[in-house]
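Trainee: Work the whole structure out from these sequences, hints included.
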Amino acid sequence: DAGVIQSPRHEVTEMGQEVTLRCKPISGHDYLFWYRQTMMRGLELLIYFNNNVPIDDSGMPEDRFSAKMPNASFSTLKIQPSEPRDSAVYFCASSPDYYSYNEQFFGPGTRLTVL
Amino acid sequence: AQTVTQSQPEMSVQEAETVTLSCTYDTSESDYYLFWYKQPPSRQMILVIRQEAYKQQNATENRFSVNFQKAAKSFSLKISDSQLGDAAMYFCAYRRGGAQKLVFGQGTRLTINP
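Taken in sequence, the protein lines are chains A and B. Residue numbering for the first sequence follows our numbering, starting at 1 and increasing by one per position. Residue numbering for the second sequence follows our numbering, starting at 1 and increasing by one per position.
In short, the hints are calculated from the structure, not lab data. Hints may contain errors.
Covered stretches of chain B (chain A as the covering partner; in silico rule of three or more C-beta atoms under 8 Å from a C-beta of chain A) [what the hints assert, rightly or not]:
id	segment
1	18-30
2	42-51
Quick list of simulated restraints, FRET-style, between CB atoms [claimed, not checked]:
id	chain 1	residue 1	chain 2	residue 2	range
3	B	Q14	A	G16	47 to 55 Å
4	B	E17	A	R22	41 to 49 Å
5	B	I46	A	M40	18 to 26 Å
6	B	P114	A	K68	42 to 50 Å
7	A	P70	B	N67	32 to 40 Å
8	A	G3	B	G97	23 to 31 Å
9	B	S28	A	E103	24 to 32 Å
10	A	M15	B	K55	45 to 53 Å
11	B	A1	A	M40	14 to 22 Å
Only a predicted model underlies this, so the values are computations on that prediction, with no experimental measurement involved. Just so you know, even glycine gets a beta-carbon here, dropped at the ideal spot from N, CA and C.
Mentor: Shown next as structure tokens:
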């Protein structure tokens with residue numbers, strides 16, 4: 001298996017522009033997670049899906065952020081409009097099922113820079 | 001709310017030596033799971049080891065082992081025979097039983113000196 005795939009790996013954009021980050025989870029995994037990593041706040045969960053349905057979006061910072069999962073093999077995280085404070089590494093992760101012992105498999109991350 | 005604290009921002013060790021990374025957590029739950037993840041310069045988060053809170057026996061994975069002290073809410077990672085490839089950020093993480101959310105500590109940067 002190719003693992004969790006994220007694109008792009010790097011994104012540089014200007015303030016006010018729309019940014020879309022993409023994720024393909026591991027086939028057969030029921031759960032998909034979006035995390036953000038910054039120096040100030042560390043790794044924090046933004047939102048997660050179960051069987052394509054958003055379950056907990058309490059970590060989404062504000063209305064500028066939105067996430068979708070139109071099918072089991074694809075998810076997007078969109079920021080519109082982007083701001084310099086959104087600069088971070090965004091990780092997508094997936095896990096196979098409900099059990100809390102299960103590993104979350106992380107993608108390589110997208111480094112976003114907003115100028 | 002659950003919190004995870006890693007009090008050592010940086011650690012260094014000589015190659016082939018043993019190093020211990022500290023982690024403490026705060027929870028009122030009795031059912032939970034603890035994890036150590038490694039993040040090398042490539043940024044990829046890789047699971048190193050995990051522990052179920054109801055198990056008294058400390059988890060071990062080859063050169064990696066944990067010292068799980070439930071009463072003290074401590075979950076340290078011991079790396080034996082350190083190798084250059086162990087150089088990375090190490091994150092301790094907590095997950096409440098029945099939940100999906102991982103709560104991460106701030107990380108410890110481990111340097112291996114040849």
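Trainee: All hints are to be evaluated individually against the structure, with a verdict given for each.
Mentor: Hint by hint, here is what the structure shows:
no., hint, in the structure
1, 18-30, "violated (count 0)"
2, 42-51, "holds (count 7)"
3, B:Q14 with A:G16: 47 to 55 Å, "holds, 50 Å"
4, B:E17 with A:R22: 41 to 49 Å, "holds, 42 Å"
5, B:I46 with A:M40: 18 to 26 Å, "holds, 24 Å"
6, B:P114 with A:K68: 42 to 50 Å, "holds, 47 Å"
7, A:P70 with B:N67: 32 to 40 Å, "violated, 45 Å"
8, A:G3 with B:G97: 23 to 31 Å, "holds, 27 Å"
9, B:S28 with A:E103: 24 to 32 Å, "holds, 25 Å"
10, A:M15 with B:K55: 45 to 53 Å, "holds, 49 Å"
11, B:A1 with A:M40: 14 to 22 Å, "holds, 18 Å"
Violated hints for the displayed structure, listed by number in ascending order: 1 and 7.
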